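For the record, the sequence lines run as chains A and C. This note's numbering applies: residue 1 is where the first sequence begins, and numbers increase by one. This note's numbering applies: residue 1 is where the second sequence begins, and numbers increase by one.
I should point out that these hints are in silico values taken from the structure, not numbers from a laboratory. Just so you know, these numbers come straight off a predicted model, no measurement behind them. Ideal Cβ positions, reconstructed from N, Cα and C, are used throughout, including at glycine. Some hints here could point you the wrong way.
Stated by the list, open to error - Simulated DEER-style distance windows between Cβ atoms:
| # | chain 1 | residue 1 | chain 2 | residue 2 | range |
| --- | --- | --- | --- | --- | --- |
| 1 | A | Asp37 | C | Arg50 | 38 to 48 Å |
| 2 | A | Ser188 | C | Gln270 | 35 to 45 Å |
| 3 | A | Lys191 | C | Glu157 | 47 to 57 Å |
Number of protein chains: 2
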Amino acid sequence: MTSESSAMLRPVKLSPDGRVLHLLDQRSLPEREDWLDLDDVESVAEAIERLAVRGAPAIGCAAALGLVASSWRFSDDTVMFRESCLMACERLARTRPTAVNLFHAIAHMRGALAECPAGLAVAGVRGHLHAAALRYVDDELRACLTMADHGAPLMPEVGTVLTHCNTGALATAGWGTALGVIRRAHASGKKIRVLADETRPVLQGARLTAWELRHDGIPVDVIADNMAGALMARGEIQAAIVGADRIARNGDVANKIGTYTVAVLCRYHQIPFYVAAPWSTIDPSTASGAEIPIEERDHNEVHLHGGRRMTPAGVGARNPAFDVTPAELVTAFITERGVFRPATLSALMDS
Amino acid sequence: MTSESSAMLRPVKLSPDGRVLHLLDQRSLPEREDWLDLDDVESVAEAIERLAVRGAPAIGCAAALGLVASSWRFSDDTVMFRESCLMACERLARTRPTAVNLFHAIAHMRGALAECPAGLAVAGVRGHLHAAALRYVDDELRACLTMADHGAPLMPEVGTVLTHCNTGALATAGWGTALGVIRRAHASGKKIRVLADETRPVLQGARLTAWELRHDGIPVDVIADNMAGALMARGEIQAAIVGADRIARNGDVANKIGTYTVAVLCRYHQIPFYVAAPWSTIDPSTASGAEIPIEERDHNEVHLHGGRRMTPAGVGARNPAFDVTPAELVTAFITERGVFRPATLSALMDS
């Protein structure tokens, strides 16, 4: 791990004894830094469902580490313990349908469980799971740092970069994906300003991205989601970079609602549109974006602003949490394995 | 006036004696229907600046009628009265820079003032101004109703129409521009659903458009501004229709921030994009959109949601209140004089 990691914000972590999952509750940010201490499957699952933790890579980490913490409540009988682990995996898999990292993390933990010899006592199995979960998180963090190395050269020397949603330390094991690329570019001396789409309805941009960038001293202005187009038309944006919740085999990208509009605007204005994501976000079993389930969340997220209902009673709303950006609108994918054009990525996946 | 006007919402009106301007305070909607009673220039100007009344045609009406109400406070000396009227016009002209209807209304009232013979007593001048203001408002209302007749045939027989901001009775002398077209199409039996962009930061769509459509029994779903693109990609939107704050001689359109993005998305998805506006919105003295001043409003509008600050302290914001949509992205202009392609409109203006 590089020296950067020592002071890095880690929003999802396990207590040293492995018994408690500590989650920075992102719903309270930026007003308060509340940490949740979780030690059973149901509360880990609910924390994911209710967005205490969000961001595809961070959800995966929470599931892996949460399984370890929860496992202290399982039976000491090795057969029953394994049974409980599998049930816990099923419960965690039902929390958010779109982010593929969640299923990746669960598959990783199932794999670790399967590796344990049948006769191994519970303490041994738990120890193996503990090590596997830490390895998963460590790999995710390392992926972010490497991705940042690959992506930073693509950022302008001097200019404004648009980002959508939150893809920083808060969304990952630490450091961030798209925001990690921006961080590295800034650290390397590039004169970058960030425009952060506020990202209605949950405001991950206004609350979280702004909070992280302010923390790091990177200049940031928050804009309403409907402003980026006008600013592009005025020549005020040089690049856009976003994360991904799932990338299909053909390079289609599911990400936070509004990402697709940013991509279309970039194409129209001939501005590069980058997707930064760990390799684990690519789902070889999904042929194209059409197969990705799009979570429709509670309409109150749209009706409410700062906790206050702003629409008239009786009026309907729509709330697709994600959208799909076709591969053809992506200038390049930035991953820990390198930078790829959509056609190259798709060819790699097919081979 | 048609029979529709009798039960019509009139958000800007003068008391029968001409002494008080009644304004429906749009900041309180949809929670409460508060009316402001105004009778001096400064409070009329502040009501416009602080968005108690908004919508380009409604602002023009408020200025014309507000001048009449305010004039009861002016001197009974005819020279000083005229002086006060001109100063009032100057104050009102400083309220909002983008909407051209405001300047139209003020020019109309200055014209009425100039028509009065020098020797006419104050009562006579005031009476002439009163009549001129009522005529201005009546013309604006008639324009909306005629525009609706022209635009309704362009709406789909069955389908979903996207609109942005509020262009209804609340934004005009009554009935509405873009929303008036939708109203007429619905009344004529077309099976139309409306998707209303919430229209951050002031939420005219979520609060006002939804309130008007709900009132009329027209099906409406509110969406965050970043959702329309994804819904277009799924084939869920058949047309978009918006209003305008100013139309340049070449057909470029200044309108609420986010309009340009809707227009680009429509072009990308080959969906018709209509602008409905009274002829008075066209400004022959503005050659192109590049000359239209874009008001930058208080950044707190972006920082706050439902009155609560959601961004971290110390973080910047941007808040252009309007954007410019180039004429080439407009499928057709719907006016009280008919429906025009951009090239035709521009040729008409040049001739």
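Contradicted hints - numbers only = none
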